[in-house]
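*Asks:* Here the structure of chain A is known, so what remains is to put chain B in place on it, guided by the hints.
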Amino acid sequence: MVEETKTMRGLDAIRLAIEEEMERDESVFIMGEDIGKFGGCFFVTEGLLEKFGPERVRDTPISENAILGCAIGAAMAGMRPIAEIMFADFLTVCMEMIVNQAAKASYMYGGQISVPVTIRVPFGTGIMGAAQHSQSFESWFMHVPGLKVILPSEASDFKGLMKTAVRDDDPVIFFENKRAYYLTGDVPLDKDFKIPFGQARIFTEGDDVTLVATGAMVQESMIAATKLTEENIHCEVIDPRTLVPLDKKTILASVEKTGKLIIVDEGCKTCSVSAEIAAIVVEEGFQYLKKEIIRINTPDVPIPYSPKLEKKIIPNAKLIQEKIKKLI
Amino acid sequence: MNGGELPKELSSDELINIYKKMLLIRKFEQRITKDFGKIKSPLVHTYTGEEAIAVGACMAINEDDYITSTHRGHGHFIAKGGDVNSLMAEIYGKEGGICKGRGGSMHVADFSKSMLGANGIVGAGPPLALGVALASKMRNEGKVVLTFFGDGAANQGMLHESMNLAAAWKLPVIFILENNMYGWSTPFHAATAIKDFSIRAQGYGMKGFTIDGNDVIEVYKTIKEAVDIARNGGGPTLIECKTYRWQGQTIMDPDKYRSPEEKEEWKNRCPIKAYKTRLIRGEIIDKVMIQEIEEMTLVKIDESFKFAKENKNPDPSTVLDNVYKKPIKYGGN
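Chains as they are written, first to last, in our numbering: chain A, 1 to 328; chain B, 1001 to 1333.
To be clear, the hints were calculated from the coordinates, so they are not data collected in a lab.
Non-contacting residues of chain A with respect to chain B, defined by C-beta distances greater than 10 angstroms in every case (computed):
no. : residue
1   : G126
2   : D186
3   : F193
One-sided excerpt, in silico: chain B residues whose CB lies under 7 angstroms from chain A:
no. : residue
4   : C1099
5   : F1111
6   : I1121
7   : P1127
8   : L1130
Built from N, CA and C at the ideal position, the CB exists for glycine as well.
The shape of chain A in the complex, shown without the other chains:
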């Protein structure tokens, strides 16, 4: 049987997943700032209000702690809420609810409850958002036991992982890369299409170098990898897709094969996702490494407004290509 798919953008795939889950399970509802009539800042939730009504598609005041407190409390009471925080940058004002409440409840209450909440957060650069609307905070949340941290880069992954997130019993923070919103892909229409957490995706196979990338950096890495095949350099591009749990096995197996590792990550370099992955490979796969590990990150600087400046600091295909050639 051929799987039925439809070509759509990343953001449409997320909407489809939410819509299907809301149809399937009455305890699923969505809340956030301007997600109703307006359809959400990036129009991910467009049309959901008309379909499900204001009880299940809830516009909230601009009160991030109340939004998340409300979602987490509802999850404790047996609902499966999806809460949208309009920009990842606004997570700073509601860290309390994520870090001290959602992530801790199962453990500190001795396993009496779980908190099946999904927190959706658009993140990353590319819209001239400047310092407070462009950041990549995903590594912060990897440091908080109790959270699952999901970061897809492609439309079908958005759908499959969103559906898993909604059905998962633990708190999930779901990072949605703004640039990946607008990339199209073939998305399965199967209403039970789910992708398990902790399973990396190999975008392309190769023997020369392992490229681990997340979010918008996956596409940049793919452009670089495709270009380099002309020079007979074969990269293996891996998107972990879920940062917690992290599929170390796939990364380590690839490094065993290639002996070389480059990690491409849109977050600032210090204490980043790339830092964690590099540490894991050094700790658990040191014997496979033939060369030093290369990390390609945004430098430790606030994101500037001017596109010329932003372009200067965000890793791109050209830079990745250069780094690969230098390493090989």
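*Replies:* Same frame as chain A, now just chain B:
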């Protein structure tokens, strides 16, 4: 004030139960204080002096209604019907504790009793209460949520967000502000320009009351009224209960910032003593019964201590349990 008529809708048994619960909380906290050296954690906050609020409030709700608590949560736990043995064992960090020794004093919770947890973060309970109330509303369950917090939490931004949202969405939440006059060492009048927090209610579009938090019947009656409104879709109410923390902020606090005269004055307004007098005057109990209740309470506390003492420590090999519903493989684990 503490001394009016006893409410007719409460039976003698119910009136006596109120007394028993307040006394149980008092004796529990006294025992914890006495055994401070054995507990070892300095972060144990007692509810001594404030018993009328938790007990009066929980008397006004049904068993399946919810409460959220504070870092000073033993009283709320007991008032909501939590088991004293598992509470004591939790404070001693034992496996038989209500949270299997993972939470301790600041995180005691009994979800089977709809007691959604003490909380170590000042002001973090009310945002969670919103969600529980919303779930009840969306499922048409008619359940209400009492969310307890202190005068310190009243000045947290989270409270502002919560009261606003609860009012805007007419959620069945009752905000119970336990004004015990101090946020650790800072008197509330030094942290706040207003005398009564309840005037803030109007700014959110809800009713607000300031009452004597040491009068268990006044607490019960006021909260009952708010509960009836909330249950019928009328939305939230703010109730400020004026009270006093008899002991320091935690059991290690030398408490030098408050005068002995001030403490004495409040001890003279003991909620349990005042209520006892009313019960005697109303011929609900007599001296013999008082003596019996006192003895039974002490036996219960002794038993809980024995339970905690004899209970085993958690097995260190289980330290990673319950971080997630099912264990995941990642990093250091």
